[in-house]
Amino acid sequence: MINFENELKKFRPSLEIEDAEEIIYNQDLDDMADVLVGLFKDAKAEEMGRQTRPRQ
Amino acid sequence: MKCYQCGAELTEREYCPNCGAAVKVYKRIISLSNRYYNEGLERAEVRDLSGAIESLHQSLKLNKSNIQARNLLGLVYYECGEVVAALSEWVISKNLKPDENAADDYMDLVRNDPSRLETFNQTIKKFNIALNHCHQDRLDMAVIQLKKVLSMNPGFIRAHLLLALLYLNNGNYAKAKTEAQKSLKLDTGNVMAQRYLKEAEAMMLPQDAKSSDENNDKKNGVVRYTSGNETIIQPVRSNVFTRSGSIWGIVLGVVLGIAAAYYLILPARIQSMNASFREQIASISEESDSKSAKMGEYEQQIASLNSELESLKSEMSSYEENGSSGSADNDLMAAVSIYLNNSDDMDAVQEKMDAIDLNNIEGGASTQFTDLYNSFMVLVGTELSKRSYATGYDAYRNQDYETAIRALSKAFQYDNTNVDALYNLGNAYYESGDTDNAKVVYDQVINDFSDTGSASSAETKLAEINNASN
Numbered sequence: 005m006i007n008f009e010n011e012l013k014k015f016r017p018s019l020e021i022e023d024a025e026e027i028i029y030n031q032d033l034d035d036m037a038d039v040l041v042g043l044f045k046d047a048k049a050e051e052m053g054r055q056t057r058p059r060q
Numbered sequence: 115m116k117c118y119q120c121g122a123e124l125t126e127r128e129y130c131p132n133c134g135a136a137v138k139v140y141k142r143i144i145s146l147s148n149r150y151y152n153e154g155l156e157r158a159e160v161r162d163l164s165g166a167i168e169s170l171h172q173s174l175k176l177n178k179s180n181i182q183a184r185n186l187l188g189l190v191y192y193e194c195g196e197v198v199a200a201l202s203e204w205v206i207s208k209n210l211k212p213d214e215n216a217a218d219d220y221m222d223l224v225r226n227d228p229s230r231l232e233t234f235n236q237t238i239k240k241f242n243i244a245l246n247h248c249h250q251d252r253l254d255m256a257v258i259q260l261k262k263v264l265s266m267n268p269g270f271i272r273a274h275l276l277l278a279l280l281y282l283n284n285g286n287y288a289k290a291k292t293e294a295q296k297s298l299k300l301d302t303g304n305v306m307a308q309r310y311l312k313e314a315e316a317m318m319l320p321q322d323a324k325s326s327d328e329n330n331d332k333k334n335g336v337v338r339y340t341s342g343n344e345t346i347i348q349p350v351r352s353n354v355f356t357r358s359g360s361i362w363g364i365v366l367g368v369v370l371g372i373a374a375a376y377y378l379i380l381p382a383r384i385q386s387m388n389a390s391f392r393e394q395i396a397s398i399s400e401e402s403d404s405k406s407a408k409m410g411e412y413e414q415q416i417a418s419l420n421s422e423l424e425s426l427k428s429e430m431s432s433y434e435e436n437g438s439s440g441s442a443d444n445d446l447m448a449a450v451s452i453y454l455n456n457s458d459d460m461d462a463v464q465e466k467m468d469a470i471d472l473n474n475i476e477g478g479a480s481t482q483f484t485d486l487y488n489s490f491m492v493l494v495g496t497e498l499s500k501r502s503y504a505t506g507y508d509a510y511r512n513q514d515y516e517t518a519i520r521a522l523s524k525a526f527q528y529d530n531t532n533v534d535a536l537y538n539l540g541n542a543y544y545e546s547g548d549t550d551n552a553k554v555v556y557d558q559v560i561n562d563f564s565d566t567g568s569a570s571s572a573e574t575k576l577a578e579i580n581n582a583s584n
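Top line first, the protein sequences correspond to chains A and B.
In this text, residue positions in the first sequence follow our numbering: the first is 5, and each later residue adds one.
In this text, residue positions in the second sequence follow our numbering: the first is 115, and each later residue adds one.
Keep in mind that a hint or two might mislead.
Computed Cβ-Cβ distance ranges for the label pairs, DEER-style [to be verified]: (1) A:I27 x B:K261: 22 to 30 angstroms; (2) B:L223 x A:E9: 16 to 24 angstroms; (3) B:V365 x A:R16: 39 to 47 angstroms; (4) A:A47 x B:G121: 45 to 53 angstroms; (5) B:P228 x A:R16: 24 to 32 angstroms.
Dumping the calculated BS3-like pairs for lysine-lysine here, alpha-carbon to alpha-carbon at most 25 angstroms [claimed, not checked]: (6) A:K45 x B:K175; (7) B:K141 x A:K14; (8) B:K141 x B:K116; (9) A:K48 x B:K289.
Honestly, the hints are just simulated from the structure, not real lab data.
Ideal Cβ placement from N, Cα and C applies to all residues, glycine included.
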């Protein structure tokens, strides 16, 4: 049995042409390649930090 | 495939030939993105639009620069009626790859048909209004609005789904089923539509479901019946006559229309045409009458103009006659002048004197003219007479009596003692058949020169004429 209220919540307002610019600018375009590059950078930075850290 | 770090073209190796970055995982990500794109394409080809959207989203999450996946996602959105989402994808695609991008063509298609774009925008606005009505519990208004939306854009899947939900909510399961089926026809993999269809079928009474099926079967052109444990679906046998009953109706309508035109419209039209022709004939005959009246007037004008012309001609001839005396004066004075300048130029003197016709001077010659003429004749008369006589006699000998008469008359006029000229003038008249003038001349010879041989010859000629006339 379908619950009308719950089903209605699944419908979102359709995008209007006037809002197109805002939608395009606000779209999150990060992809898995970006995430991967970020990971590499983090890993490299961590390694550099480890090398420059003084030994106790 | 290009390196994510330096942008150099990658080879088959697991590191970048330019910067040495490790690209093994990166290559796997790109490969996975392409695989999702292929899956999305396959789903789109069988109109599983929802599944295609899902796959293409996955592809783009893995590789945002997968231009083909992004363009295809735009197309799928466009097909679903989500024009703004489609345009957004194409704009981003164009931004990522400015040259040789199919998104250009897609955007041009939308841009070049502004009325269609406006229609899409209106449908989106109306859909949002309908959704707002739903949230505010004005469900009837929402249904009306959604029907409008679907009349403008029948491919708007979410409008079909919302309408199906509203029908389910108000217990109109048959209509809900229809809308769900329409949604599934547009998007075969739409889970929401499948759920609504299942719900509608579950909630429908058995007879409603049967009638709904029959309606569908009729639409599909099949007959379904059960034989034993088997359900047989058979195409409806229909020929041209049964299938196209409406064609016969159309043919009958055309025939009746032609008959009505022939019996009702045509006579009235013929009558009106006859009336118009009669009016035209009447106007033409009136015109003809007026033209013939004008012709009569013109004929009268021509007659009056002719009479006027005749009077003018006669007036002109009288003027010419009046001018003859002036001409005779001039000729005489010219002859005198020539003679005074050069008395040997008798040819010129004779030419001028021959032009003077003493018998046709209007009102008679003036005294001065006569005195001058006579005085001049004393000087040149004998010579001119000789010249004219020679010309006239030659002409007489050559039987050119007209010239002979003119020249011999002049010869006698210049010298009235020249009896030969007068006698031969009579001969010329006689030979030309003018016996009356011949008789007059012969009489003059006999009376004025009675003692000459010419007089006796003239008597003989006169006797011949008299005998011939008797």
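Tested hints:
no. : hint                               : in the structure
1   : A:I27 x B:K261: 22 to 30 angstroms : holds, 28 angstroms
2   : B:L223 x A:E9: 16 to 24 angstroms  : violated, 39 angstroms
3   : B:V365 x A:R16: 39 to 47 angstroms : violated, 53 angstroms
4   : A:A47 x B:G121: 45 to 53 angstroms : violated, 21 angstroms
5   : B:P228 x A:R16: 24 to 32 angstroms : holds, 27 angstroms
6   : A:K45 x B:K175                     : holds, 20 angstroms
7   : B:K141 x A:K14                     : violated, 37 angstroms
8   : B:K141 x B:K116                    : holds, 9 angstroms
9   : A:K48 x B:K289                     : violated, 62 angstroms
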